[in-house]
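Protein chains in written order, with this note's numbering: chain A, 1 to 113; chain B, 1 to 113.
Accuracy of the hints is not assured; some may be wrong.
[Unchecked claim] Quick list of in silico lysine-lysine cross-link-like pairs, DSS-like style, CA-CA up to 30 Å:
(1) A:LYS5 / B:LYS96
(2) A:LYS5 / A:LYS38
(3) A:LYS71 / B:LYS13
(4) A:LYS71 / B:LYS57
Treat the hints as calculated values from the structure; they're not laboratory data.
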Amino acid sequence: DQQVKQNSPSLSVQEGRISILNCDYTNSMFDYFLWYKKYPAEGPTFLISISSIKDKNEDGRFTVFLNKSAKHLSLHIVPSQPGDSAVYFCAASAFTSGSRLTFGEGTQLTVNP
Amino acid sequence: KAGVTQTPRYLIKTRGQQVTLSCSPISGHRSVSWYQQTPGQGLQFLFEYFSETQRNKGNFPGRFSGRQFSNSRSEMNVSTLELGDSALYLCASSSKTGHYEQYFGPGTRLTVT
């Protein structure tokens with residue numbers, strides 16, 4: 001039972017344009033969400049998080065949007081840069097589960113110069 | 001501040017052997033979580049330790065165990081290795097348990113032959 005899904009295995013965008021990565025979840029107990037990016041042979045790097053009491057959080061070029069009624073979140077990267085090319089994972093946790101994160105399958109983002 | 005460190009980075013073991021992996025969290029962090037990443041199953045939660053106590057456990061057999069020391073360093077042990085245990089094992093630390101940002105180490109690549 002995949003509780004966090006990233007339906008797009010890959011996404012390709014041009015440098016300078018917006019990248020939008022999507023994530024859906026099914027567990028209504030999830031109330032904290034995070035995005036990570038990962039390069040091959042490295043551990044995931046934390047990007048941005050959002051609590052369910054908010055619907056938007058920004059940090060520099062990264063903005064995460066949360067739509068609780070649709071159980072959907074998205075990560076916007078503006079402007080996209082070639083160095084952003086990596087696999088992006090969304091992750092979710094429930095208040096009752098401590099630090100346990102449930103991850104999506106990941107989306108490979110390629111930013112073309 | 002130094003990041004999360006994991007040792008060893010690479011390991012090759014034979015079926016039936018056991019292995020111990022080590023993780024040193026970011027200074028001041030008291031929660032350590034372990035994850036397994038495989039191509040087929042993605043990133044899956046193994047367990048979390050906080051203040052030397054296991055707080056959460058994922059759906060893995062009892063061959064997978066861990067512990068945490070008073071300095072917050074953590075070890076995980078896998079006994080009676082199987083071919084399917086070949087994976088990237090990631091450790092993540094956070095300041096407390098619960099809805100806090102988790103920072104990952106580079107991982108230990110375990111190959112079982």
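**OP:** Against the earlier hints, flag every one the structure doesn't satisfy and list their numbers going up.
**Re:** 3
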